[in-house]
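Engineer: Chains as they are written, first to last, in the numbering used here: chain A, 1 to 281; chain B, 1 to 562; chain C, 1 to 258.
The set of hints was computed from the structure by calculation and includes no laboratory data. A hint or two may mislead.
Listed below are the simulated DMTMM-like cross-link pairs for lysine to aspartate or glutamate, each with C-alpha atoms no more than 20 Å apart in a straight line [unchecked claim]: (1) Lys126/A <-> Asp139/A; (2) Lys70/A <-> Glu359/B; (3) Lys70/A <-> Glu496/B; (4) Lys70/A <-> Glu238/B; (5) Lys70/A <-> Asp484/B.
What the simulated footprint calls covered on chain A by chain B, stretch by stretch (three residues with Cβ under 8 Å from a Cβ of chain B suffice, anywhere in the stretch; the number is not a length) [as the list claims (entries may be wrong)]: (6) 12 to 25; (7) 35 to 42; (8) 59 to 69; (9) 126 to 140; (10) 222 to 229; (11) 236 to 247; (12) 271 to 279.
Cβ coordinates follow ideal geometry from the N, Cα and C atoms, glycine included.
Here's the letter readout for the chains.
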Amino acid sequence: MSGEKGAVRRIRLAFGVTVLGAVGFAVTYSLGANTQLLGISLGVAFAGLAYGLAAWGRRLLPTGGYVEQKPELVAPPRRRDLLAEAMEGPESPLGRRGLVGMLLLGAGSIGVALLFPLRSLLSFRKPDPVTMLRHTAWDAGVRLVTPEGTPVRLTDIARGTIQIVVPEGHRRDGDVPAFLVRLDPERLRKEPGAGRVGDVVAYSLLCTHAGCPVALYEQTTARMLCPCHQSAFDLNRDAAPIAGPAARPLPGLPIEADADGFLRARGDFTSPPGAGFWSYP
Amino acid sequence: MITRRLYRALDARLGTTSAGRTALAKVFPDHWTFMFGEVAIYAFLALLLTGTYLTLFFDPSTADTVYDGAYQPLDGSTVSSAFASTVTLSFDVRAGLLIRQAHHWAALLFVAAIVVHLLRVFFTGAFRRPRELNWVVGVTMLTLALLNGFTGYSMPDDLLSGTGLRIIYSTVLSIPVVGSWIAMLAFGGEFPSDETAPRLYISHVLIVPAIFLALISLHLVMIIRQKHSQFPGPGRREHNVVGSRLWPAYAVRSLSLLTGVLAAVFTLGGLVQINPVWIYGPFHPAQATSPAQPDWYVAWGDGALRLFPPIEVHIAGHLVPAPFFPAVGLGTVTFLLLYAWPWLERWRTADKASHQILERPRDRPGRVAVGAYALTFFAVLLVTAADDILARLTGIPVTGILRTLQILVLVLPFAVAATAFVVARSLRAGTATTVGELTREDLHAGLTGSDELPEESRHPAERIRLWRNPDDTWRWCWHGPGDDLTSNEVFLDRAEALAAARTAFPGVSVEQDGPPEGVVLPPPRHEPGPATKAAAGLVWVAMAVLGRRADRRRSSPSEAPE
Amino acid sequence: MTDEPSTPRRGRRVLAAAAGLGVLGLPLASPSPSPSPTPPRSAGSDRGTQLYQQSCASCHGQQGEGSQRGPVLTGVGPADVDFQLSTGRMPLRTEHQLQEHQEPVFSEADIRALVQHVASFPPGGGPPIPTVGGGHTPSGRELYLTYCSACHSAAGVGATLNNGRFAPSLFRATPTQIGEAVRVGPGLMPAFPPAVLTDAQVNDIAAYVDVLQNDRGDLDRGGWSLGRLGPFPEGAVAWVLGLGALLLLARSLGSRAR
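All chains should be built: construct the whole structure from the sequences, respecting the hints.
Structural biologist: Shown next as structure tokens:
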């Protein structure tokens, strides 16, 4: 059959391509391993196998035309009865109901006791979750520094700029990031709840929806946008949510300027930053 | 012969002959839609192989380290070990980037194949009794695949995945009463915690894959025990399986599928960049990047988070925050419905019978409608997860796109479900085999027709021939309209063959006959052709050359600048 | 070497400046990116006045006092004027133009003349055109991720903002334009005065943006970058190319050959 001969030739060719691909992979690797060449050579090698095997399976081997019997899986009722008797017969330990009950109670109590070490997943040296969620490292007197650690002066915050700040010494805390902007008092529609120093205000950077940093600042509209779910907050209205799935305003950070002009916090955020939780005050 | 001695040795110790014969003769249905489960398994295999290689280089720790390597913009920066080792893998480990990208592509394909496999099982009713348990195992594997995909995506500690991890953390926080405790126990403290990375790692490389492996085994054992379901067709009955035998035909085709999956994974891994974490940079809680999306298989949750209106519920001084409903709520409802579907449908149809013959989707317009609804719903959510990219591409404000999608997610699934329902009923009522062939009469019949399934035509003229082969073995063949089907096994005695035939085709008359023309004889042996010999020679030469090269390198300790 | 708009990004400004000066028949000044005071003042200001009257005054007013159609230009500073003109955002041609970097309308010399003319409006002042260059890439990468990536994306491709606005991709910005944008804050973008980002830090950022723009061979070493748009196009590729190919394979394997 000439069709079969052609198929054999093609399959042989395909497997030959596989050898070339494999050699190409080895050579590419030895010569410095360009990712694209490695991928192509390995891909071609496997594709040669895939093609050859597919042709082999389809052209040279019988396809279909076979039938296998599928016996009933259900056993006759009498056999099931025998199984049940073997399990629950007079010799069966299951007959002693009281003992079985106590056994289950004992095993269950071990199970419950062994749940306790799960609590260690949260270190006992850390405060309880709600306390952690409600408080951040911001406190009265803590200096505002840039993420690189430079203290920030009131005069650094010009109109139209934004400065992301963290409390001094807590650069990597997840709940502390805040930002400073200078508002246009003429366009202010609602006085910031945390107060302001001159026209400068500070708010939490974390979206009240799912905690992403709302770091997209539209300077002309005084809006902060969230890159994750497109919530928008209007800084002229005390950071109220005006678009997207966020429901609560950004918490404000009460600040003051010290004698040297450096900005310091007057306390923690007006409410816990980031996403909400059950015991949210 | 060596193989014969091997069989004998194995059989003497383990008694493998009978099981081996049954296994080789196992019949697999030929329909192409049955192959996506296999694609998923092979993608899982690719994940195991590439993932094992990656573990040799990845360091799951958030401890500070100074990156020192070929990626110049990061050179000398202090970053977490997890991030630094991922960049090292991508820039400084030869072939590391290929394996890393292949791993990620394999993950995307893995979940995609699972979803397509699930859809096949759903729309053909393959989950019905006796396969409900395997449906439950399968849905569990889907949840584990999503979980492991997400932990893997989060491990490099880059800015994009760190943001995603934060969203998951916030989502867990939103669970009423216990949310903050669960979140803190899982993450080891307030986000971002140093304890998180090792937990992601051990769960990603050991716990979940181990459970997954056990569940795959369970899945396959149940398939072997119950044997495959099959589409209706000539000779296909409740008590047989029609198709190709594992050996030789199906094994070769399955190997082709395996190598095809590997080809796709490595080609994509080499040619299409995925998750370039060095561009995103290391995670920092005050930094953000945009566009921010998760991998596609969790993007429906992200889409739901974007879509859901800003609704927060206050209960007796407590807060149920907005992410609870679209993320925790939708996820829980989705998977509960998936788990419960076999029982929900049984409750609706009162069909308690055991089924080996699949339904065509059109046979159950109601199920088609439910499936179409769910598919459309999740497709809209997936699109929503890219609403910012869509806004960018179309120039339409993102709020406008969001509003449109909010309406679409409520309306479109119903519209698609209704259409699918009518189309399915029309196909069932008429003679058209595809949607394209539907006529107006078919549609009319679909709109007005009854819900009755057409009565299955009973099998007329059919018979089974049984014969003795020259080597004293027995075989039988079913002859009926549309097909001739040979018994998958060769039987040692007549009674065995007869019993098998009667099980496969109860009530069909069996007649004994002489062996048919062209009994399959062992094929003549071939000497290896010139091409094979040449290829083998080439491999030898290549290995010799490479070996010499490596020797020369080792022998010259002072590395000359290239 | 002509004034061809498709000259490669890097150094296009310098080439344009050289070509522009050549056309005007002026002695060739050193091709520094900062405005050099060497060209004759009177010629520049005449040209500036003429161009301003032709292209700007109708919206921004005779002395940059602004009107209902265009904002005030007094005191905005040379950096702002140069940024708007050299990125082609001004003069306005279409509605969406403000958001996008385009080919400039004016030659380098004309832009310089216009900048000088607008700077002459009282009271003057505003950020000067910065001299940007020679930054340190690793430090620039860190600064970029802190100050720029939220809007312009870590990959430099830009991002979607509110109300149909978006932050532009940075792939066409020159170092000088980056410095100008940082100092001025054009459009919705916040400005970063020297108190927030020092000149050295701006140099670093520009150096990293240059990596994002021109170092593609190394940044996109994984292959096709998919526009650096992240997981969404990746998912699309996995479904369409990856699973699509496997679906075809499965069909060919499963279809029963008769």
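Engineer: Hint by hint, note whether the structure agrees.
Structural biologist: The hints, checked one at a time:
1. Lys126/A <-> Asp139/A: holds, 18 Å
2. Lys70/A <-> Glu359/B: holds, 18 Å
3. Lys70/A <-> Glu496/B: holds, 14 Å
4. Lys70/A <-> Glu238/B: Status holds; Cα separation ~8 Å.
5. Lys70/A <-> Asp484/B: The given pair, whose Cα atoms are some 18 Å apart, holds under the 20 Å limit.
6. 12 to 25: Per the Cβ count (5), the hint holds.
7. 35 to 42: Holds: 7 residues of the region 35 to 42 of chain A have a Cβ under 8 Å from chain B.
8. 59 to 69: With 9 residues close enough to chain B, the hint holds.
9. 126 to 140: Answer holds; 5 residues pass the 8 Å Cβ test.
10. 222 to 229: holds (count 3)
11. 236 to 247: holds (count 6)
12. 271 to 279: holds (count 6)
Every hint from the earlier list agrees with this structure, and none is contradicted.
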